[in-house]
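**Q** Take these sequences, add in the hints, and give me the full structure.
Listed in order, the protein sequences are those of chains A and B.
Residue 1 is where the first sequence starts when you use the working numbering, and the numbers rise one by one after that.
Residue 202 is where the second sequence starts when you use the working numbering, and the numbers rise one by one after that.
All clues given are correct.
Some chain A residues well away from chain B (every beta-carbon gap over 10 Å; in silico):
| no. | residue |
| --- | --- |
| 1 | L39 |
| 2 | R57 |
| 3 | Q60 |
| 4 | S63 |
| 5 | S68 |
| 6 | S73 |
| 7 | D75 |
| 8 | D92 |
| 9 | I97 |
| 10 | N106 |
| 11 | V108 |
| 12 | A115 |
| 13 | G157 |
| 14 | Q194 |
| 15 | N200 |
Ranges between beta-carbon positions, derived for each pair:
| no. | chain 1 | residue 1 | chain 2 | residue 2 | range |
| --- | --- | --- | --- | --- | --- |
| 16 | B | T941 | A | T181 | 25 to 35 Å |
| 17 | B | L746 | A | T181 | 44 to 54 Å |
| 18 | B | A653 | A | T181 | 45 to 55 Å |
| 19 | B | T616 | A | Q52 | 27 to 37 Å |
| 20 | A | V98 | B | V784 | 22 to 32 Å |
| 21 | A | T181 | B | H814 | 50 to 60 Å |
| 22 | A | E55 | B | A653 | 51 to 61 Å |
| 23 | B | Y857 | A | Q52 | 38 to 48 Å |
Note that these hints are calculated values from the structure, not bench results.
All residues carry an ideal CB built from backbone N, CA and C; glycine is no exception.
Residues per chain, in single letters:
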Amino acid sequence: MKTLVKPLFLFLSLGFFSACSEDTPEPLVPLEAVLVEDLAAPNDVIDRVTGQVTEERPFQFFSLESNSLVSESEDWDLAFKGTTIRVNASKDVKAAIVTGIFEEINSVPSSAVFATDTESTFAIPTGSGSGWYNYNPATFTVTPIPGRVILVQTAAGNYSKIEILSYYKGNPPVAEINPMTTPSAHYTFRYVLQANGSMNF
Amino acid sequence: MFRINLNKFKLLFSLFFTLVGLAWAGDGAKKILDAQGNPIPHALIKVNGTAPIPVNDKGEIPAIPVQEGEILVFAMGFETKKLSTEEWRQADAVVLKEKTGSLQEVVVAATRTDRTVEDLPMPVTVLNSEQIQQTGGLRLSEVLREQTGLQITSDHGAGLQMQGLDSDYILILLDGEPLIGRTAGTFDLDRISVSSIERIEILRGPSSAIYGSEAMAGVINIITKPVDEQTQLDLGLRFRSFNTWNPYAEVGIGNEKWSAKILYDYFSTDGFDLTPENVGQTQNPYQAQTAQVKLGGKISEKFDLNLFLRGYSENSSGQMQTSGASPEMLAMENSRQDFNFNPTLRFRPSENLLFTLRGMSSWFSTVSDTRFQSDGSAFDFQDFNQFYHRTELQTDWQANSRNLFTLGMGHLVETVEATRYDGLNRFDAGYFFLQHQWDPHVKVNLVTGLRADFHNQYGNRLSPKISGQYKFSEKFSWQASFGAGFKAPDFRQLLLNFNNAASGYYVFGALLAEEGIQRLQDQGLVARVLIQPETLGNLTAETSLALNTGFRWKPGAKWLIQVNAYRNAIDNLIETAPIAQLVSGQNAFSYFNIRQVVTQGVETDISYQISPHLSLSLGYAFLDSYDKDALDRIDAGEVFKRDSQNRTSRVERSDYGGLFNRSRHSGNFKINYRENWTGTDWALRAIYRGRFGFADLNGNLILDDDLEYADGWVSLNLTVTKTLSSGIFLEVGATNILGTLTPQQPNNPGRVLFAGLRIPFANLIQK
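**A** Below you can see the structure in the form of structure tokens.
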């Protein structure tokens, strides 16, 4: 598993912080957006005719705090398999989906409704159009919905914002995806983690 | 005044059956000729308003006793000529001028009575056999694709798009009876062989007021070749690129009372492949056969009977590859069958009354068998069997010369049995319709109609329509019509019971949704019900309200300009939506009336006859379409797009390109030239399809990015035909001469060359 990490420097909200800096002596630390590329999370192998799972594949457990894949027993935040993304209910990881431009979301909006997974529900809903992706029946491709940002309160209690960029290996432009040949279930996403526990990014 | 149908029908009728009996000729006879000096065998002469007298088949009329008064000489397709008795006596021949354009073509589809285009207050186009021949087309899609405002889309077959609406909303009739058998809503026009077609009527705008469901965007009525008394044996062979062969035979026999026409058409093609780098062809090789028998005759003076039988069979084969790490080769064998039986009995108790009893039965079936090539084991098997029966009684009553009433009533039974449905499913429906054609004034005519449909599964519907025409002058007339259209939920939307095993989702027809969710709940598969079961199952018809208005203008004898503007507002469009989330993370779906869509535009046809040998025509269609929900979401700032650098931005209204697969601009330019020295007819056509959105490429599922458009393109087509004096017909030509390839339009194979020959053996022998 190769998870390449490229730091992207975001100088967002500088104006806001400098305006308030007279009252708030906190040092200005521009938050880094982390890019995770090609996190492979293949779905179970299912017999097309019978619908039986012939080979069960594991979830891929990811820690936003450590920016790495971890084992299920560790403090993972998100788990990926196929198009399904779970949150770590046992560590009370919560997620909310908001609509907006990733860079412009500089705090957790009060309207965001955080939830964790239960036996029967997902904090990040599955299915085309309801969670993070659209399934395009004309081109048979899964594409992240632009403007959908996943907010996560991690196992450590910090807030993070996540934007999923691609479901296909190598993050190809959508026009170049061939649903028959381009390997799917390879997540590319970026996220910003506010490690100081505040709700601002 | 011969505008209203029954008179005209009567005329044609009398003409048809008296033709043979009349054999006047000799001294004092006069000839009725066209501008080229050819006799007009269907001309009629009317003296002082008495009953019209037909000419014989040489265009001659014997000396007739003429008192003082005036003589009208007329023929369908020609300008009527008025002569004084003096002029009549002195003339040896009367030359009639041909009317410009095709306004004189008789149309059945618009009112279910015979009426010429000129007298119809709604937008109608008729393609006659000559125009059909000029396209060089072998299948119906190749004829319709050259017409203004029509597009052929590639979605489970060659589907028609009219007024911006898809094949699902266009009723296809064969001799006035509906054709069944749709795959994912598309009626595949390639199932119809051109060799059997005499004429095509294209009626735009909703016609649910007489046809009920499906006639929302419009109606295509295919008129097959009529029976007549001529003995006929035509053999034809057409060949073209991709090893495509189309031999056909047409046999006609008959006497004064009974006549029959038998047609057989075979079609075989190797298909083509636009993406040779991928496994599987773009169009698979297929073979198709059509056999058709038409029988017509007079039982007695007042009764006549027609029988129509048609069978169609098609087989195709191809290859596919499974996706995944170790792809496997798959072999596909698909077949389609379709059979129609339509008897029609006409009873004419008096001149003003006509009863038509029609029975119509259709069977349609498909089998799709996909196997692993390695060991022949089954990968997927689907079959689909549909039966449709309709009995209908239509009464036409000519109350007086200005009023014609039509009353129709009928019932229909439809059954479907298929892999994806439980058991045998049956629909029952009844309907009646009333139509009034009224000419209150010499310049005004109105057609009003109302139809009521009663359906055992989705309820009842009323569809009204009113159309009116005002003739400002012989040269200019204005039409407007306003009507309702609807499309009933189909079997799929009501009764589908589908489980995609591989990805684990379920789709239930609206009527099965509640039960389906209950079953999944019992199995412990449901995590969360998203839509309460009591609201399920209330699927209603998709409905539309539409306005069509335009004019027909003849600025000069050689010009014809036709314009129609329309707006279709469609409500309750049916879409799938999740009804329950499953523990697997997948969803169960059902069908709901969700979307609202608008299509609007203007269509223009201009034709100009430069000389008797050269004519030009220009067609242009403007189309604007949008999904109201998409616009609302854009206005609310909820829609975003992401570029190739992963920058996200809000979609503005100005970015929105409307519905996919619609060209904002399209048109055609046609030149018809008769070359006298060789006696050949040349038809050169440039068919333009403007750019259109083909797929979402930035994840928001709407059309909003330049990358999501396919380029506009021009197909340059040429057909050269010659009819020898023996009647042998020759054709040669090419379509898409420039060889433009359009990957986003997989029904364009590139350049196609063709040649053909038809030999009328019966003619040759008789000579």
